[in-house]
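Listed below, chain by chain, are the residues.
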Amino acid sequence: NAGVTQTPKFRILKIGQSMTLQCTQDMNHNYMYWYRQDPGMGLKLIYYSVGAGITDKGEVPNGYNVSRSTTEDFPLRLELAAPSQTSVYFCASSYRTPGQGKNIQYFGAGTRLSVL
Amino acid sequence: DAKTTQPPSMDCAEGRAANLPCNHSTISGNEYVYWYRQIHSQGPQYIIHGLKNNETNEMASLIITEDRKSSTLILPHATLRDTAVYYCIVRVGTGNQFYFGTGTSLTVIP
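Chains as they are written, first to last, in my numbering: chain D, 1 to 116; chain W, 1001 to 1110.
These are calculated hints, taken from the structure and not from any lab test.
Fair warning: this is a prediction, and the values are worked out from it, not measured in the lab.
We put the CB at the ideal spot given by N, CA and C, even for glycine.
Errors might be hidden in some of the hints.
Listed next, the in silico BS3-like pairs over lysine-lysine satisfying Cα-Cα at most 27 Å (straight line) [unchecked claim]: (1) Lys9(D) / Lys1069(W); (2) Lys9(D) / Lys1003(W); (3) Lys57(D) / Lys1003(W); (4) Lys44(D) / Lys1003(W).
A short list of chain D residues far from chain W (calculated; beta carbon distances all over 12 Å) [said to hold, decoys possible]: (5) Gln17; (6) Ser49; (7) Val50; (8) Ala52; (9) Ser94; (10) Gln105.
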């Protein structure tokens, strides 16, 4: 199993450009997440999905969009890149049974994005 | 909403036990406490989780107080490779968001 795979690993964008961060998992997990981590800070949730076709906002969703057309893939879209979106982005997935509290997340290696 | 409080940094001598505390006084009765670590800005790595009872796995032990307001992660014999930022996290509210905080930066000293 590859686990959670994120591409690209690094990217530099100009202000106003758009891009999609890719995330795929091969563990048949139903839940997937996108986090961002600014220098010296903890992770903040951008968006999450509890299954194909279902997405919901996290703590910091502004400036981002997501889709979940398959169980495996959960891309994150930046439409008009701004310097404030310079960060490290982590995708995670977990398997959660409805009604069960346990939720162990497995993370990808991250995408380091700079907007200049 | 449940949040966590951890000391910003700790040192530990190589080969000694590292005890990392976490306060989660607002945790609800049926919520788990999870511990992750992050090495050199890599993706966070799951370590262990617990609800009420103490837990142990191949990586660490987790001690949860009886009132569940705090917990301690124990790395029994710290190595240089255990130098990392350790996060104690809990679920926020009843949704699917987890509070990560800024964690504890553990430095294992030779």
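A quick look at each hint next to the structure:
At roughly 38 Å between alpha-carbon atoms, Lys9(D) and Lys1069(W) are farther apart than 27 Å, so this suggested pair is violated. Restraint check for Lys9(D) and Lys1003(W): the C-alpha separation of about 31 Å exceeds 27 Å, so the hint is violated. A C-alpha spacing of about 19 Å is found between Lys57(D) and Lys1003(W), which places the hinted pair at or below 27 Å, so the restraint holds. Our distance criterion of 27 Å between C-alpha atoms is met by Lys44(D) and Lys1003(W), whose separation comes to about 13 Å.
Against chain W, the non-interface label of Gln17(D) holds: every CB pair exceeds 12 Å, the least being about 24 Å. The claim that Ser49(D) is not at the interface with chain W is violated, since a C-beta of that chain comes within 12 Å of its own (minimum 9 Å). Look at Val50(D): its CB is around 7 Å from the nearest CB on chain W, not clear of 12 Å, so calling it non-interface is violated. Even its closest Cβ contact with chain W, about 16 Å, leaves Ala52(D) beyond 12 Å, as expected for a residue assigned away from the interface.
Look at Ser94(D): its CB is around 9 Å from the nearest CB on chain W, not clear of 12 Å, so calling it non-interface is violated. Non-interface status of Gln105(D) relative to chain W is broken: a Cβ of that chain comes within 12 Å, the nearest being about 7 Å off.
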